[in-house]
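As a plain string of letters, each chain reads:
2 protein chains.
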Amino acid sequence: MKSYREFSKAELENELNELNKKYKEYQDIGLALNMSRGKPNVNQLVFSMPMMDILKEDDDYIAADGVDVRNYGDLIGIPEARKLFADFLGIKPEETIVLGNASLNIMYDCMARAMLKGVLGSDKPWSKYDKVKWICPVPGYDRHFTICEFLGIEMIPVKLSDYGPDMDAVEELVKNESVKGIWCVPKYTNPYGGCYSDEAVKRLASMKCAAKDFRIFWDNAYAHHYIYKDVPVLNILDECKKAGNPNRCYLFGSTSKITFPGAGVAFFGASEENIEFTKKQLNAQTISCDKINMLRHVRFLKDMDGIKAIMDKHAEALRPKFDAVLNALDTELSGRDAGTWVKPEGGYFVTFIGNKNTAKRIYELCKGAGVTLTEPGCTHPYHNDPDDAFLRLAPSFPSPEELSKAMEIFTLSAKIATVENLLKA
Amino acid sequence: MKSYREFSKAELENELNELNKKYKEYQDIGLALNMSRGKPNVNQLVFSMPMMDILKEDDDYIAADGVDVRNYGDLIGIPEARKLFADFLGIKPEETIVLGNASLNIMYDCMARAMLKGVLGSDKPWSKYDKVKWICPVPGYDRHFTICEFLGIEMIPVKLSDYGPDMDAVEELVKNESVKGIWCVPKYTNPYGGCYSDEAVKRLASMKCAAKDFRIFWDNAYAHHYIYKDVPVLNILDECKKAGNPNRCYLFGSTSKITFPGAGVAFFGASEENIEFTKKQLNAQTISCDKINMLRHVRFLKDMDGIKAIMDKHAEALRPKFDAVLNALDTELSGRDAGTWVKPEGGYFVTFIGNKNTAKRIYELCKGAGVTLTEPGCTHPYHNDPDDAFLRLAPSFPSPEELSKAMEIFTLSAKIATVENLLKA
Numbered sequence: 001m002k003s004y005r006e007f008s009k010a011e012l013e014n015e016l017n018e019l020n021k022k023y024k025e026y027q028d029i030g031l032a033l034n035m036s037r038g039k040p041n042v043n044q045l046v047f048s049m050p051m052m053d054i055l056k057e058d059d060d061y062i063a064a065d066g067v068d069v070r071n072y073g074d075l076i077g078i079p080e081a082r083k084l085f086a087d088f089l090g091i092k093p094e095e096t097i098v099l100g101n102a103s104l105n106i107m108y109d110c111m112a113r114a115m116l117k118g119v120l121g122s123d124k125p126w127s128k129y130d131k132v133k134w135i136c137p138v139p140g141y142d143r144h145f146t147i148c149e150f151l152g153i154e155m156i157p158v159k160l161s162d163y164g165p166d167m168d169a170v171e172e173l174v175k176n177e178s179v180k181g182i183w184c185v186p187k188y189t190n191p192y193g194g195c196y197s198d199e200a201v202k203r204l205a206s207m208k209c210a211a212k213d214f215r216i217f218w219d220n221a222y223a224h225h226y227i228y229k230d231v232p233v234l235n236i237l238d239e240c241k242k243a244g245n246p247n248r249c250y251l252f253g254s255t256s257k258i259t260f261p262g263a264g265v266a267f268f269g270a271s272e273e274n275i276e277f278t279k280k281q282l283n284a285q286t287i288s289c290d291k292i293n294m295l296r297h298v299r300f301l302k303d304m305d306g307i308k309a310i311m312d313k314h315a316e317a318l319r320p321k322f323d324a325v326l327n328a329l330d331t332e333l334s335g336r337d338a339g340t341w342v343k344p345e346g347g348y349f350v351t352f353i354g355n356k357n358t359a360k361r362i363y364e365l366c367k368g369a370g371v372t373l374t375e376p377g378c379t380h381p382y383h384n385d386p387d388d389a390f391l392r393l394a395p396s397f398p399s400p401e402e403l404s405k406a407m408e409i410f411t412l413s414a415k416i417a418t419v420e421n422l423l424k425a
Numbered sequence: 001m002k003s004y005r006e007f008s009k010a011e012l013e014n015e016l017n018e019l020n021k022k023y024k025e026y027q028d029i030g031l032a033l034n035m036s037r038g039k040p041n042v043n044q045l046v047f048s049m050p051m052m053d054i055l056k057e058d059d060d061y062i063a064a065d066g067v068d069v070r071n072y073g074d075l076i077g078i079p080e081a082r083k084l085f086a087d088f089l090g091i092k093p094e095e096t097i098v099l100g101n102a103s104l105n106i107m108y109d110c111m112a113r114a115m116l117k118g119v120l121g122s123d124k125p126w127s128k129y130d131k132v133k134w135i136c137p138v139p140g141y142d143r144h145f146t147i148c149e150f151l152g153i154e155m156i157p158v159k160l161s162d163y164g165p166d167m168d169a170v171e172e173l174v175k176n177e178s179v180k181g182i183w184c185v186p187k188y189t190n191p192y193g194g195c196y197s198d199e200a201v202k203r204l205a206s207m208k209c210a211a212k213d214f215r216i217f218w219d220n221a222y223a224h225h226y227i228y229k230d231v232p233v234l235n236i237l238d239e240c241k242k243a244g245n246p247n248r249c250y251l252f253g254s255t256s257k258i259t260f261p262g263a264g265v266a267f268f269g270a271s272e273e274n275i276e277f278t279k280k281q282l283n284a285q286t287i288s289c290d291k292i293n294m295l296r297h298v299r300f301l302k303d304m305d306g307i308k309a310i311m312d313k314h315a316e317a318l319r320p321k322f323d324a325v326l327n328a329l330d331t332e333l334s335g336r337d338a339g340t341w342v343k344p345e346g347g348y349f350v351t352f353i354g355n356k357n358t359a360k361r362i363y364e365l366c367k368g369a370g371v372t373l374t375e376p377g378c379t380h381p382y383h384n385d386p387d388d389a390f391l392r393l394a395p396s397f398p399s400p401e402e403l404s405k406a407m408e409i410f411t412l413s414a415k416i417a418t419v420e421n422l423l424k425a
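Protein sequences, first through last, are from chains A and B.
Each residue of the first sequence is one higher than the one before, starting from 1 at the first, in my numbering.
Each residue of the second sequence is one higher than the one before, starting from 1 at the first, in my numbering.
Derived by calculation from the structure, the hints in this document are not laboratory data.
Just so you know, not all the hints are guaranteed correct.
Any copy, or any two copies together, can satisfy a pair, since identical chains are not distinguished.
[Stated by the list, open to error] DSBU-like mimics (lysine-lysine), calculated; alpha carbons at most 35 Å apart, straight line:
#1 Lys24 <-> Lys229
#2 Lys229 <-> Lys367
#3 Lys2 <-> Lys92
#4 Lys405 <-> Lys356
#5 Lys280 <-> Lys367
#6 Lys360 <-> Lys280
#7 Lys308 <-> Lys133
#8 Lys229 <-> Lys9
#9 Lys212 <-> Lys202
#10 Lys367 <-> Lys279
#11 Lys124 <-> Lys279
#12 Lys405 <-> Lys308
#13 Lys128 <-> Lys313
#14 Lys360 <-> Lys279
#15 Lys280 <-> Lys133
#16 Lys2 <-> Lys280
#17 Lys280 <-> Lys356
#18 Lys343 <-> Lys2
#19 Lys302 <-> Lys56
#20 Lys128 <-> Lys279
#21 Lys117 <-> Lys360
With the rest of the complex left out, here is chain A (with noise of 0.2 Å):
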């Protein structure tokens, strides 16, 4: 298709008005279409349906411990989720300790916890330092920048690309002290969709921190969670040992994208030295997680392959939905240079990367016509993306029919911001 940029302004003006005319036409449909939140669909919960009476007899609520589930013990999770959750992150059951319903409140109490208490080699409490500084990988999770804006935290945003942050541009900034960690999503990151390279996890592992107490928060939200490829990323602990920061990062998962979201299991990982200092704060917060919901998961998924088998089912439910936001991608916006956007190999997201000053008009034009985008801005710290460029498609939710007809509607839009904003240069 011809680039909106080799159109006269005669052409461009033409253009806007058939555009405006479609547009005029999907508002008098008076649609109300929701590509807003990366949550699955009813016929993704289904398939963990048979795990909700997996437990029956009395008997069946003993733990491999010995520990009845039903019952206070086990402050770091049963025996058998450690070992089946370890699997999933690719670490021993020693380095593994499973908590609640949410990897992202693991994540915030960790980071609470080194504001209040310092983490393990800390001098102090990272709240006594007069700037805590943190490395956010742009375009990012919204819920990672409000954790470290709600504790204060400065975000610095540094470019994602396919392959991972710019290390440079992380490697240069780890040489000041008050930087003290980084947030990563290494596989599918959410929302651009790319994986880390080989390189950037080694270079993350290995590089020289003034911080002693750096720590990589690794929310390895979509470890097995392709949709058409399974994509392998080297695992951060390892790396880390190798390069001799065994104590450098944190692993975080959960089951919810696997079973229930917001009522499967999260786990943390880290080194043993970590995850023995971390079990002694956890001390202080609570007496023991919900057991019955482990064990619950365990008996269900049983293995990784297990989790295989119903990851196999999310990729395949999950496929026509992302075919159909990027097949409208590519029919209606190839070559018309009215953004670009990429390609996941799995996870939750697509992200669409407008022209400058397009991402808050599209997002407009896209309510106007009754379809919700995730808000434009929340893919940055600070909800600031300077650029006003990067949207956040999740196409999860909805049917793939709905989404096609949202996704008319998204193309349309993005069409008529380019072409607006051509015609005001």
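For this one, chain A is given, so just place chain B on it according to the hints.
Relative to the frame of chain A, chain B by itself:
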């Protein structure tokens, strides 16, 4: 029985000889009995087994607000859970947030957030003060004290009696601006067993606090957990409102001792203003809690009548155990001046107050004969019971037969420790 204080030296020596002989016999049996933990026996856990498959079809998973509990949403809990646990706390649903699996964790979170960010009305985060102090009625719950110690909050012990904390002392302490709050277990206090009088509740609600952001942490762990008699305790939120201090109190509760310890549902109550404030803070911590477990609980417990019905069963299961402990104390120690104890009307503990400098010795003697008690000192901040007198007995987990045996050893140990001390004097 004759008081040991009236024994001559020769009589004491003779008695000690006899007691030691008996003690040796118990040692030779090689028992292993545990009275250390306030956890229910499996014969109580089975009451809630019908809950485990109460949600069957897809339709069963839809909350009153139409939210699918198997997916994200409802940060502060599903409406029907907020209603039920508001009733539990004697407050309004709008004053109630239903969260995760443990009220202790909610308390930790509230205190950690106060340190990091302050509470509603704070001038600054509490961690920015040179000192934050907290009033701790003693004997009290070790887990409360652990939270304060972890967060570096200085604990000030205040004497607890059958009617609540020494309110004269409390009113004096709160004249100090650095005193930011107080722990309260108002009903069947852990471990004392008493219940706060109307006067104590009213004085707590209305006292003049120098810190305008003073908070009462009202851990109503045993709100409906009678064993012998349901003792009415005034509602702290009502009283705080009446006194013009609606934001002064935080209420906590859970179903840990109704359904499953650590796998139940926990909740938080406060003024609507506090709830609004807390909801915003929670948004940085998590997306939503385990709503499947919330709905499962509501469908099973139904309403306060349902809760009362299961609490009747718990009372029936616990009564013979408390009888065994109290009878042993009465039979073996009455009139001996070897310690006093409190008969609780409900809750999970019996407090034994030995003579000065006997608690550690009794603990060691029990241990030597195979009876594990909660560590002495745990009833006081920093594990510092200055009189070395308090011991917490937890009768819930062992069988009545085991308890009788354990109490034989306990009362024997109390006698030995008392006689030893008198001989030293």
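Status of each hint after checking the structure:
1. Proximity of Lys24 and Lys229 under a CA criterion of 35 Å is satisfied in neither setting, with 39 Å inside one chain copy and 70 Å between copies.
2. With identical chains, the CA atoms of Lys229 and Lys367 are at most 35 Å apart within one copy only, with a shortest distance of 33 Å there and 59 Å across copies.
3. Taking the shortest alpha-carbon separations for Lys2 and Lys92, neither the intra-copy value of 54 Å nor the inter-copy value of 62 Å comes in at or below 35 Å.
4. Proximity of Lys405 to Lys356 under the C-alpha cut-off of 35 Å is restricted to the intra-copy arrangement: shortest distance 25 Å within a copy versus 79 Å between copies.
5. Only between protomers do Lys280 and Lys367 lie at most 35 Å apart by alpha-carbon distance; the minimum there is 25 Å, versus 48 Å within a single protomer.
6. When the C-alpha separation of Lys360 and Lys280 is checked against a cutoff of 35 Å, the pair qualifies only between copies, where the shortest distance is 25 Å, while the shortest distance within a copy is 46 Å.
7. For a Cα distance limit of 35 Å, the shortest separation of Lys308 from Lys133 qualifies neither inside one copy, at 37 Å, nor across copies, at 51 Å.
8. Taking the shortest Cα distances, Lys229 and Lys9 never come within 35 Å of each other, neither inside one copy (43 Å) nor across copies (86 Å).
9. For a Cα distance limit of 35 Å, the shortest separation of Lys212 from Lys202 inside one copy, 18 Å, qualifies, whereas the shortest one across copies, 51 Å, does not.
10. Taking the shortest Cα distances, Lys367 and Lys279 sit within 35 Å of each other only across copies (27 Å), while inside one copy they are farther apart (46 Å).
11. When the C-alpha separation of Lys124 and Lys279 is checked against a cutoff of 35 Å, the pair qualifies both within a copy, at 19 Å, and between copies, at 30 Å.
12. Taking the shortest alpha-carbon separations for Lys405 and Lys308, only the intra-copy value of 32 Å comes in at or below 35 Å, while the best inter-copy value is 52 Å.
13. In this assembly of identical chains, the alpha carbons of Lys128 and Lys313 never lie at most 35 Å apart, being 48 Å within a copy and 51 Å across copies at closest.
14. For the identical chains of this complex, Lys360 and Lys279 are inter-copy neighbours only, at 28 Å across copies versus 44 Å inside a copy, given an alpha-carbon limit of 35 Å.
15. Both within a single protomer and between protomers do Lys280 and Lys133 lie at most 35 Å apart by alpha-carbon distance, with minima of 26 Å and 23 Å respectively.
16. For the homomeric pair Lys2 and Lys280, neither the shortest alpha-carbon distance inside one copy (63 Å) nor that between copies (48 Å) is at most 35 Å.
17. In this homomeric assembly, Lys280 and Lys356 come within 35 Å of each other (Cα to Cα) only across copies, at 32 Å, whereas the closest approach inside a single copy is 49 Å.
18. In this assembly of identical chains, the alpha carbons of Lys343 and Lys2 lie at most 35 Å apart only when taken from the same copy (22 Å versus 87 Å across copies).
19. Within a single copy, Lys302 and Lys56 get their C-alpha atoms as close as 17 Å, and across copies as close as 22 Å, so both meet the 35 Å cut-off.
20. For a Cα distance limit of 35 Å, the shortest separation of Lys128 from Lys279 qualifies both inside one copy, at 23 Å, and across copies, at 26 Å.
21. Taking CA atoms no more than 35 Å apart as the test, Lys117 paired with Lys360 passes between copies only; the shortest distance there is 32 Å, against 40 Å inside one copy.
Figure legend: structure checked against the earlier numbered hints; hints not met, in rising order: 1, 3, 7, 8, 13, 16.
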